[in-house]
Amino acid sequence: MRLKIEKRNESASTLSVLSMSVLSVVVSLVILGFIILSLGKNPIDAYIQLVSWPFGTIAGLTQSLISMTPLLFTSLGLVLAFKMKLWNIGAEGQFYMGAFGATWGALFLFNHISNPWIMLPLIALLGAGVGAGWGTLAGVMKARLGVNEILSTLMLNYVAIYWVNYLVYGPWRDPASYNFPITAEFPKAAILPQYTANGINLGMFLAIAASFFVYYLLKWTRFGFEIDISGDNPKAAEYAGINVKKMIVIVMAVSGALSGLGGMMQMSGVLFRLQPNFSPGYGYTAIIIVLLARLNPFVTVVVAFLFGGLIVGTQQIQLFLQIPFSLVNAFQGLLLFSFVAGEALLHYKLRWLKA
Amino acid sequence: MTQNIMTTTISSAIRAGTPLLFASIGELLAERSGVLNLGVEGMMLIGAFTGFAVSYNTGNLLLAVVAAMAAAAVLAALHAFMSVTLRANQVVSGLALVFLGSGLSGFWGQRYVGMQAQALSNFSIPFLGKIPIVGEVLFNRDPLVYVGYIIVPLVWWFLYKTKAGMNLRAVGEAPSAADARGINVSLTRYVYTIVGGAFAGLGGAYLSLAYTPMWVENMSAGRGWIAIVLVIFAIWDPLIAMAGAYLFGGISVLQFGLQVAQIPIPANIMKMFPYLFTIIVMLFTSGEKMKKRFGAPSALGVPYSREGKM
Numbered sequence: 001m002r003l004k005i006e007k008r009n010e011s012a013s014t015l016s017v018l019s020m021s022v023l024s025v026v027v028s029l030v031i032l033g034f035i036i037l038s039l040g041k042n043p044i045d046a047y048i049q050l051v052s053w054p055f056g057t058i059a060g061l062t063q064s065l066i067s068m069t070p071l072l073f074t075s076l077g078l079v080l081a082f083k084m085k086l087w088n089i090g091a092e093g094q095f096y097m098g099a100f101g102a103t104w105g106a107l108f109l110f111n112h113i114s115n116p117w118i119m120l121p122l123i124a125l126l127g128a129g130v131g132a133g134w135g136t137l138a139g140v141m142k143a144r145l146g147v148n149e150i151l152s153t154l155m156l157n158y159v160a161i162y163w164v165n166y167l168v169y170g171p172w173r174d175p176a177s178y179n180f181p182i183t184a185e186f187p188k189a190a191i192l193p194q195y196t197a198n199g200i201n202l203g204m205f206l207a208i209a210a211s212f213f214v215y216y217l218l219k220w221t222r223f224g225f226e227i228d229i230s231g232d233n234p235k236a237a238e239y240a241g242i243n244v245k246k247m248i249v250i251v252m253a254v255s256g257a258l259s260g261l262g263g264m265m266q267m268s269g270v271l272f273r274l275q276p277n278f279s280p281g282y283g284y285t286a287i288i289i290v291l292l293a294r295l296n297p298f299v300t301v302v303v304a305f306l307f308g309g310l311i312v313g314t315q316q317i318q319l320f321l322q323i324p325f326s327l328v329n330a331f332q333g334l335l336l337f338s339f340v341a342g343e344a345l346l347h348y349k350l351r352w353l354k355a
Numbered sequence: 356m357t358q359n360i361m362t363t364t365i366s367s368a369i370r371a372g373t374p375l376l377f378a379s380i381g382e383l384l385a386e387r388s389g390v391l392n393l394g395v396e397g398m399m400l401i402g403a404f405t406g407f408a409v410s411y412n413t414g415n416l417l418l419a420v421v422a423a424m425a426a427a428a429v430l431a432a433l434h435a436f437m438s439v440t441l442r443a444n445q446v447v448s449g450l451a452l453v454f455l456g457s458g459l460s461g462f463w464g465q466r467y468v469g470m471q472a473q474a475l476s477n478f479s480i481p482f483l484g485k486i487p488i489v490g491e492v493l494f495n496r497d498p499l500v501y502v503g504y505i506i507v508p509l510v511w512w513f514l515y516k517t518k519a520g521m522n523l524r525a526v527g528e529a530p531s532a533a534d535a536r537g538i539n540v541s542l543t544r545y546v547y548t549i550v551g552g553a554f555a556g557l558g559g560a561y562l563s564l565a566y567t568p569m570w571v572e573n574m575s576a577g578r579g580w581i582a583i584v585l586v587i588f589a590i591w592d593p594l595i596a597m598a599g600a601y602l603f604g605g606i607s608v609l610q611f612g613l614q615v616a617q618i619p620i621p622a623n624i625m626k627m628f629p630y631l632f633t634i635i636v637m638l639f640t641s642g643e644k645m646k647k648r649f650g651a652p653s654a655l656g657v658p659y660s661r662e663g664k665m
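For the protein sequence lines, the chains are A and B, in the order given.
Each residue of the first sequence is one higher than the one before, starting from 1 at the first, in this note's numbering.
Each residue of the second sequence is one higher than the one before, starting from 356 at the first, in this note's numbering.
What the hints contain is simulated information worked out from the structure, not anything from laboratory work.
All C-beta atoms, glycine included, are put in the ideal place defined by N, C-alpha and C.
Incorrect hints may have been included.
[What the hints assert, rightly or not] So the derived label-pair ranges between C-beta atoms look like this:
| # | chain 1 | residue 1 | chain 2 | residue 2 | range |
| --- | --- | --- | --- | --- | --- |
| 1 | B | G537 | A | F223 | 49 to 55 Å |
| 2 | A | H112 | B | N477 | 58 to 64 Å |
| 3 | B | I590 | A | E185 | 49 to 55 Å |
| 4 | A | Q318 | B | I590 | 41 to 47 Å |
| 5 | A | S16 | B | N573 | 56 to 62 Å |
| 6 | A | D228 | B | I590 | 32 to 38 Å |
| 7 | B | I590 | A | N115 | 54 to 60 Å |
| 8 | A | N243 | B | I620 | 37 to 43 Å |
| 9 | B | L542 | A | N243 | 42 to 48 Å |
| 10 | A | L319 | B | I620 | 35 to 41 Å |
[Said to hold, decoys possible] Which stretches of chain A does chain B cover? Using the computed rule of at least three CB atoms under 8 Å from a CB of chain B, they are:
| # | stretch |
| --- | --- |
| 11 | 35 to 46 |
| 12 | 138 to 150 |
| 13 | 159 to 172 |
| 14 | 279 to 291 |
| 15 | 324 to 333 |
| 16 | 336 to 342 |
So that you can see chain B by itself, here it is in the shape it has in the complex (with noise of 0.2 Å):
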């Protein structure tokens, strides 16, 4: 029974994490490069919205995800467009991409409240998912939650291990010496930020496709804003955010577990925990002498011009 519980507790962490595993790397990357981009949860429910529809319509999986994550991709580059091109406010661009991902998710969604669609459903990898216990919890799931394994380390590997991912990191930390060393700003900029958009439009595509199959207003519920706390925790490594958003998605299906144990605590009370946990962790982490440490990029929302600074 207790074996029980833990494996529920911890598969169910996962499921809950993904979305955000996916939406951090997301920001990570973009961030990386020196975009600072709060639309995360716009972008997340615009996925969510489309994936949605497009599984709805056409019964597609695949499509589904790849629609999900090129419709976040679209509004990404409309932020990459006002912060690398116009040098606007990425802040207020930012929170600009929330408005409109989610007024356009819920003015859309509005006709496929109530519906059910093909949704992913979970399948045991041969050999692994056989394993008692660690088969069953990791092994035992659906293909995105794979995804996500795979895809952190690849991303760490991109990041550290290759000559793109060396620019990229370039371009975030000292953008006038990756100019002079013949790298086109711009264009890593737009390419990372664009990127990023589609791993939130993953992580919303996880909600509606996989985490809770159906389409609901507002679904995301804040996670695209956790997912950017996530990317400060993890102090811009990839692996520390896979870790982070595990933890998170822990903490949110925590009531669950309280629930099974019998501890009386009211479900609305419940509910704020991933949001007081967020608070949290963020009075751990923050501080301008802690980024600097920890390697924040230095570049951090500071638009580029040849020129120097304007």
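Just chain A, with the same shape it has in the complex (with noise of 0.2 Å):
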């Protein structure tokens, strides 16, 4: 007996796409129940408060909203650049990158405005800027040399890290802090209205308007038909008149602002001074969430409030039912292994050969 392989001759519809995606999310959970069995844990019980606290109480509905923005944020980078092809593995570095340049404009350059009509967008614009220029470097070094932008927005993650640890160890630290590794508080001018005591703020509702604004110009724009062709076939692009180097460095420009607009909004809206390690991965978690997501903005929004809701009850597990987080990424690997073989099935079907 061998495994063959043959192309299917239909493309794949809506239906089975969908299907095979649910199906994904199954096998994974079912791996997964096993993994927690495992450690001795009962998995049922996990997979309840998994799911109950984010999305069946207040607290925890709120807490999923509020790690949804990030991730959203990161996300709508990443299926700009994915669109094009260009694996940006470096949302994660721009992110702390866009957190690193909003708090430099926060503490430091504007400190003297009180008017947040003005600091905001100024640190905003100053937040995406960084991750932007963060982003320009993998997309220049890739335009004009070729350097696979994998591997260089990986590095160009823990120089970030380094860089941001650097500052709040070392130049940046409060005074007033005890020691601790952070920043002082932002000043009011620069913190996102509060709309709930809990957390809830403005950011959130930018970020869903980001996937109407990155939707637009994906569907709308000759921008986004410039990138589709480029993702597609670089050659027609050029045939096209399409400069596909000059919209590599632009589609990693635009990706890395809107990643370091979330690292601003989670500064701002959130944690309101630079930490060490303030994220959990989030930039790396943007990305199975738009290859579940299809690259789709509006759908990114669902998948990133669900992984929200993942982040924030596996959290709630590891407190009450001592499951290590790292609960989080095996789940994410499984999701992506189950993603890459359905996608596969989705255009072969195996059959077994009689040799």
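The two chains are supplied separately, each in an independent frame; assemble them into the complex guided by the hints.
Here you go:
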């Protein structure tokens, strides 16, 4: 007996894509159940808490929405890059650099400004700008020298994280922090409007607005059209007069800007001060979110919300069931595997041949 | 004193380079067969965790190293199944491996954080270890460093001087021609992806059993990615990969040298050096023309099917 793979003739229908996605999640959950079981914990208990806390309680739902915000910004950045088949794995670093830019503005450059209507746009621009710069670095290296963007953006993630570490352990450490590695708190003018006592803030709405912006960009503008062609067929794009190298740089910049904006929102909306390791890997989770959402900006909103809940729920079961938080990473790995296998099976079918 | 600094720096460069060496040799073998495995970081982490856990529970270091290699090989087999049998996207499958390896090692490893286990200790090689300076630097190390010395020339010899090595290169260069000559392309790719994974696991085991003998979540800290860059740097040649690994090792221990020389650079800035250096190396080694000229396997990352391109 031999396993043989054959191309499917018909292209996959929406229904089969959808059922394949559901199947991926189910398969991942089943395997994850055995992994939870391997620690001697009851997976059913774990799953019940994993779902009921973030989606079944007001407090949990609020937290899920709050963690949806950074996920959504970084994901939207990746939607643009991935559409062009640019593997930007650097959302995490661009997110950190955005937070750095916002902190720089709020605490040092514009700290004399007391009007939030001036301050907030300024630090948002700075955060987005620094994030864009970080993305552009990888874009330019790719366009000019052909440096693989997966490897360069990954290396830049480490640099960004150590850069933030350097600042908060060194020159930016708040003298009043009792030696904790944190900066001083943002001034009032640099804090986003808060709508509930437990942290729902303007950032969430701006993130959702950003998804409309990305949708509009991709669907209705020449830029979006150029992204599509350059991603599908760079040669044809060149024939059509599109400067693909320029597109690479611009798309990496916009992608980095969105992640950077996410970093700014996290500072101004949730944390109010720069600190080490303030992201539980939002920028990496974003990779999985956009792949599962198949690069659709609106589906991305829904998936980002579910992943926000996943992060919050896992924190909950870590606290109450002593299940390590790394479970999230393992789950994401399983999801990605079943996604990639499912994707292959949509285009090919397996057959057993009698040898 | 100066001589002392020199010997310490070089020997710590070799120690720091050894995990990179194993991981990049593994990736080199996989890529030579035409499979791009971006999951090195995940496989190293699973190796580091498994090695530590087995050493902790059994005290048997040989068993620990073998188990680390086996665990990473299992992950690699998953990638091989995705890339070869399902012809899935190798980039995404590799990334999935990073998540899975990092997640599982962190998940199962949490109870080992802060524990101590049996670690590999240095031993001096008779005669060679007695040579002044050179003996101290090269031949007074732990056993896996010696394995590194031996394995690289062996892999080189295997690649260029044996029939099996020639077949491996053929599969990565021109799979259809190899197929026509009766070489089993799929099997070859499976074998070397899995062997490559075992090497990554060995690199991981070196981290948790010798380099910093403990288990810390995500302790490979990007070394798996650096190993992938090293393969490009080495233009897919094991001997250059060895030199590169020790060079990268040197960069990552540069901070100790600078501290001794009392050059005040903050620790967090120095920690960026290996990553910045990696980026600089990529600036000089990238580009399609460069890769073609210097022998990147032509079929790297391209699934093979007898019916032609699909």
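These are the hints, each one checked on the structure:
1. Look at G537 (chain B) against F223 (chain A): about 51 Å separates their beta carbons, and that is inside 49 to 55 Å.
2. Restraint check, H112 (chain A) to N477 (chain B): a C-beta distance of roughly 59 Å satisfies the suggested window 58 to 64 Å.
3. Separation of I590 (chain B) from E185 (chain A) is about 52 Å and conforms to the stated range, judged on CB atoms against 49 to 55 Å.
4. Roughly 45 Å separates the CB atoms of Q318 (chain A) and I590 (chain B), a value that falls within the hinted 41 to 47 Å.
5. At about 37 Å, the CB distance of S16 (chain A) to N573 (chain B) disagrees with the hint of 56 to 62 Å.
6. Judged by the Cβ atoms, the range 32 to 38 Å given for D228 (chain A) and I590 (chain B) holds: they are separated by roughly 35 Å.
7. The supplied range of 54 to 60 Å is met by I590 (chain B) and N115 (chain A), whose beta-carbon atoms lie about 58 Å from each other.
8. Distance hint check for N243 (chain A) and I620 (chain B): the Cβ-Cβ separation is about 40 Å, which falls inside the suggested range of 37 to 43 Å.
9. In this structure the hint that L542 (chain B) and N243 (chain A) lie 42 to 48 Å apart at CB holds, the actual value being about 44 Å.
10. For the hinted restraint 35 to 41 Å between L319 (chain A) and I620 (chain B), the CB-CB distance of approximately 39 Å keeps it satisfied.
11. Check on the stretch 35 to 46 of chain A: 3 of its residues sit with their Cβ under 8 Å from a Cβ of chain B, so the three-residue criterion for coverage holds.
12. Only residues whose beta carbon comes within less than 8 Å of a beta carbon in chain B count, and the stretch 138 to 150 of chain A has 6; three or more means the coverage holds.
13. Remark: the stretch 159 to 172 of chain A is confirmed as covered by chain B, as 7 of its residues place a Cβ nearer than 8 Å to a Cβ of that chain, reaching the required three.
14. By the rule of at least three residues with a Cβ nearer than 8 Å to a Cβ of chain B, the coverage given for the stretch 279 to 291 of chain A holds, with 4 such residues.
15. Using a Cβ-Cβ cut-off of 8 Å, 10 residues of the stretch 324 to 333 of chain A lie near chain B, which meets the minimum of three, so the contact claim holds.
16. Counting residues of the stretch 336 to 342 of chain A whose CB lies closer than 8 Å to any CB of chain B gives 5, so the stated coverage by that chain holds, three being the minimum.
Hint 5 alone, counting from the list given before, is not met by this structure.
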